[in-house]
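S.K.: Listed below are the residues making up each chain.
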Amino acid sequence: MSLLKHVVVIGGGITGAAVAYDLAQRGAKVTLLERGSIGSGTSGRTHGLLHSGCRYVADVEVARECYSENVVLRKIAPFLFEKNGGLFVAIDESDLKYKDFFLKKCEEAGIPVRELDRNEALKLEPNLNPELKAAVLVPDGTFDPLKVVLSFLASAKLHGADIRPFNEVVGFRMEAGAVKAVKVFDKASEREYEIEADFVVNATGAWANKVARLAGLSVPVKPSPGVMVALNARIGHRVFNRLNKPGDGDIIVHHRGTSVIGTTSWVVEDPDRVPIPREHIELMLRRGEELAPIVSKLDVKAVYVSSRPLIGAIRASTGREVSRSFAIIDHSREGVENFASIIGGKFTTARLMGEKMADFVSERLGITQPCRTADTPLAPYWSYFT
Amino acid sequence: MKYRVVVRRCKEGWGKPEYKSYEVDVDPDTSVLDVVEKISLEMDRALVFEHACHHGVCGACGMVINGVERLACVTKIGGVARNGIVVLEPLRGFRVISDLAVDKSRMFKQYALVKPGTHEKVNGVVGIEKLLDCLECGICYSACPIANTFEEYLGPSVIAMSYRSTIDGKIPAIIDTRKGVWACHASFECSARCPADFKPGETIMKIRKGLLFGKLEVV
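Order-wise, the sequence lines are chains A and B. Whatever position you read off the first sequence (first residue = 1), add 24 for our numbering. Whatever position you read off the second sequence (first residue = 1), add 421 for our numbering.
Note that these hints are calculated values from the structure, not bench results. Bear in mind the structure is a predicted one, so any value in this text is a computation, not a measurement. For each residue, glycine too, the CB sits at the ideal point set by N, CA and C. Careful, some of the hints might be misleading.
What the hints assert, rightly or not - If you want a taste of the chain A side facing chain B, the calculated C-beta under 10 Å gives, among others:
1) Lys121
2) Glu214
3) Ile300
4) Gly359
5) Arg396
Using the sequences provided together with the hints, build the complete structure.
M.R.: Below, the structure is given as structure tokens:
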């Protein structure tokens, strides 16, 4: 057993879970550390949208990647998703002008979409704005984010991974240009301990720079929060999207008994201090009402905010210009050879992020097993607890 | 508004729990969960609690708030504080991991016995999938007098999920036993406290009726 390479994955969100699962399946000894409970950072606080990729058609490669991961997730864990599709709806003339571009790009990206006439769209989703001018049906889906993260972790546990929520990384012991051990504060016992590692993966998303700083390193992540408004009723089966370039308040996602309007985008320094701007809530409700007038009749159940881990190499002020694809940061360039960070990406593409990160770590550690996560059914989330 | 939040804290190796107070100054419409998160980030980094979605779909943040089981994320502090005080305790009926976090394995381990689906039928619409309204938060176990005293009880949510996700109308045999629907004393605390209006109590009664009148088949 001592021959097994030990990888410490920091971050118990969807990215860390996917990395842990992939490496454990390839035979590495994996320990995952999470400062809070599972999915308590950005991952738990997503919309819950299984992207078709259509939202990102301006970048065909990103859209294609998104759709192919959407298909993989439907296949390996059908029980986690409401696979009802989504509608992109044109409400005004500017939306209508975007339609031809949108359809062309969807075709280029290989995403199967179908234009519906007004009556057909309203028959499928009676709560949509009856004034709609065009509608396109796309392969979106929805999910309960926590259960998806737990399914990845349950799968990791089947391969022997040790998952430790409430264990916060507080420092690193460095020796000869490498991390020798990770220093951890266990909140359940209020004790500090060290855990030795052959390799450390920093999968803390919007917190990646905060964690990297503990090792004297830096990660160009731009925490980019978005506000979401959950309604006290569910108003549709399929995701409602505004048929236009991504913008504020242009999507309504439904799952279980609720519908969520989102979202906005700005940039903050510290993802632990993000006040919710009141005007964002009003904006969500106003824009949501344009898509589905019934929004004005409903009460707000909850308002929440979470920070995307956008890649910040490019200077930008709003966070929407930078790439939505992910990046692996190899810290050996900064003199720490067994430490890498992963930022960017989307919940939908997390399995692929896990695969690429595990490829990177495997090459470093001499693990020869290939990735099998795209073809292996995920374990059900409830097995995480047993 | 100023509030005093009193949290039942318990760590490994402590003989007994202690109650610790935190003074916070927040808007009355702030969720109890956001207040707990603020305390954990600004005042007490060792405070252990569970949370994920912050909008009432994942079921992680169930806790006992001023004596009543609620999801902290959809509970506004101004609506539950009494004289400016809010007492937070972990759910009952589960082993406490630390502070407000409990080990829900006694609920999730029952899933192997009944193999529930995760989707339910949507009335009047064909070809539409819907995840069950049940959030699997454990609040019904905490509220149920039987689940609190009878360890082997399948539990309100698990019985209701199993029934609501059945496609062919057949239910697992274990539901028709002393560990299943016949353990229930019909207090309906589960339904009264359920944050998703999943009505486990009513479902248990429906299953009993179905079994008594031979309308439900067990497999």
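S.K.: Each hint: holds or not?
M.R.: Going down the list of hints, with the structure as the test:
Taken as an interface hint, Lys121(A) does not check out: its beta carbon lies about 32 Å from the nearest beta carbon of chain B, beyond 10 Å. Interface hint at Glu214(A): satisfied, since its Cβ lies 5 Å from the closest Cβ of chain B, which is below the 10 Å cut-off. About 9 Å separates the beta-carbon of Ile300(A) from the nearest beta-carbon of chain B, less than 10 Å, and the hint is met. Restraint check, Gly359(A) versus chain B: the minimum CB separation of about 29 Å is more than 10 Å; hint violated.
The beta carbon of Arg396(A) comes no nearer than 24 Å to any beta carbon in chain B, farther than 10 Å, and the hint placing it at the interface is violated.
The earlier numbered hints that this structure contradicts are 1, 4 and 5.
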